[in-house]
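Got chain A sorted already, so can you dock chain B onto it with the hints?
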Amino acid sequence: MIPFVAVVSLRNQESRTFRLWIPLVLIWFLLLPLGILLSPFIFIACLVCRVNPLRGVAVLWQILNALTDTQLDIEHRTAGVSFHIL
Amino acid sequence: MNEHRRQILQMLSEGKVSADEAERLISAMEEPSTTKSSEIGPKSGGKDRPKYLRVQVDSEDGDRHDGPTKVNVRVPMQLLRAGVKLAYLIPAAALQKANLAMHEKGIPVDLSQIKPDNLEELVEQLSDLVVDVDQKDANTKVKVRVFCE
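Read top to bottom, the protein sequences are chains A and B. For reference, each letter of the first sequence is one residue, going 5 to 90 in our numbering. For reference, each letter of the second sequence is one residue, going 425 to 573 in our numbering.
I should point out that these hints are in silico values taken from the structure, not numbers from a laboratory. Note that this is a predicted model, so its numbers are computed, not measured. Beta carbons are placed, not taken as given, at the ideal position from N, Cα and C, and that holds for glycine. Be a bit skeptical, because a hint or two may be false.
[Said to hold, decoys possible] Partner residues are not named here, just some residues of chain A that face chain B (Cβ under 8 Å, in silico):
#: 1; residue: A70
#: 2; residue: Q75
#: 3; residue: L76
#: 4; residue: V85
[Stated by the list, open to error] Once the Cα atoms are required to be at most 20 Å apart in a straight line, the calculated EDC-like pairs of lysine to aspartate or glutamate come out as:
#: 5; chain 1: B; residue 1: K565; chain 2: B; residue 2: E484
#: 6; chain 1: B; residue 1: K560; chain 2: A; residue 2: D73
#: 7; chain 1: B; residue 1: K494; chain 2: B; residue 2: D558
#: 8; chain 1: B; residue 1: K567; chain 2: A; residue 2: D73
#: 9; chain 1: B; residue 1: K567; chain 2: B; residue 2: D556
#: 10; chain 1: B; residue 1: K475; chain 2: A; residue 2: E79
#: 11; chain 1: B; residue 1: K565; chain 2: A; residue 2: E79
#: 12; chain 1: B; residue 1: K509; chain 2: B; residue 2: E545
#: 13; chain 1: B; residue 1: K494; chain 2: A; residue 2: D77
#: 14; chain 1: B; residue 1: K475; chain 2: A; residue 2: D73
#: 15; chain 1: B; residue 1: K565; chain 2: B; residue 2: D482
So that you can see chain B by itself, here it is in the shape it has in the complex:
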């Protein structure tokens, strides 16, 4: 890395590149290293795995001023992981029927191809999930937020 930096500085001193260009080259050279270090961080244990999936719903009725309606659900990720293991218990005949029904509806998904490992991977990836839904009507205001923490 230092070698590249030296080359850029030499090009600058020789007048082959301007100061701005040299700065851009150096910053471009440094970018991958910073992204790499941020990628390494979570794997090396820097970022904690999320423990809960949280669903928050705030609803406010404009006509009524006696307070909003709030729903707050906190589901342990462990429960999701255990829940997807219920897929082990689905009989093959039921999967075939479900596949057939989905094909009839125009959804070409073969449920028998979904392995438990895939489902666990899916749950793992939920850690980056954030869903925000805002709906504002004349009278009502609804806000839904789904995230992992």
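Extracted from the complex, chain A is given alone in its bound form:
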């Protein structure tokens, strides 16, 4: 399953946490028509580079699926930022 939400947490020096929920599903919906429009060009580019376009799409889909549960936390002294893909 591709990730639908990403959470960005920001913690400032006063230990106040701002949590931002990013609906990735909207981004996928926006990128989908763009991908469809660009697909002929991508297909030609794959043929020129002698890369199997179906395999390319499969790999990209797998990477997209595997992004779920990726987490990055950075704390610098009293402030911090956290990025979590759900």
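Coordinates of chain B only, in the frame set by chain A:
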């Protein structure tokens, strides 16, 4: 196994070996069986496959006492597996160029010989990977830890 143990005990009773030697022989005889059972364990599903590759960095500046800097990255192993499949997409011409560049640098590696199966095997073996780096200077203290969980 019992036959060997009986032989050792008989040698002990006959006085051919001392009690210490008999003990050592029995323990040496039992060792392979215990290692075998531990080897069988993970394959039979006793040990879970790691799900994440984690990178933790702790850095502390001795001059400043307002807290350390910490970085914590958790990457799903699934993402690594999918990432190595990007190797499928590298055109043959690019591989040749990379090989040439590496040979010029004195690195005799033929990237075209690396098969996707090899890369997947490499990712599988990461489960046993633990890297600990500790660096201590007069003012700074940095600790890097890479492991799978």
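Hints versus structure:
1. A70: Cβ of A:A70 sits 4 Å from chain B, so the hint holds.
2. Q75: holds, 4 Å
3. L76: holds, 5 Å
4. V85: violated, 10 Å
5. B:K565 <-> B:E484: Holds: B:K565 and B:E484 sit about 5 Å apart, inside 20 Å.
6. B:K560 <-> A:D73: Roughly 33 Å between the alpha carbons, so the hint for B:K560 and A:D73 is violated.
7. B:K494 <-> B:D558: holds, 14 Å
8. B:K567 <-> A:D73: Violated. B:K567 to A:D73 sits at ~24 Å, over the 20 Å cutoff.
9. B:K567 <-> B:D556: holds, 7 Å
10. B:K475 <-> A:E79: violated, 24 Å
11. B:K565 <-> A:E79: holds, 16 Å
12. B:K509 <-> B:E545: holds, 12 Å
13. B:K494 <-> A:D77: Roughly 8 Å between the alpha carbons, so the hint for B:K494 and A:D77 holds.
14. B:K475 <-> A:D73: Holds, because 10 Å separates the two Cα atoms, which is no more than 20 Å.
15. B:K565 <-> B:D482: holds, 8 Å
Checked against the numbered hints given earlier, this structure breaks hints 4, 6, 8, 10; the rest are met.
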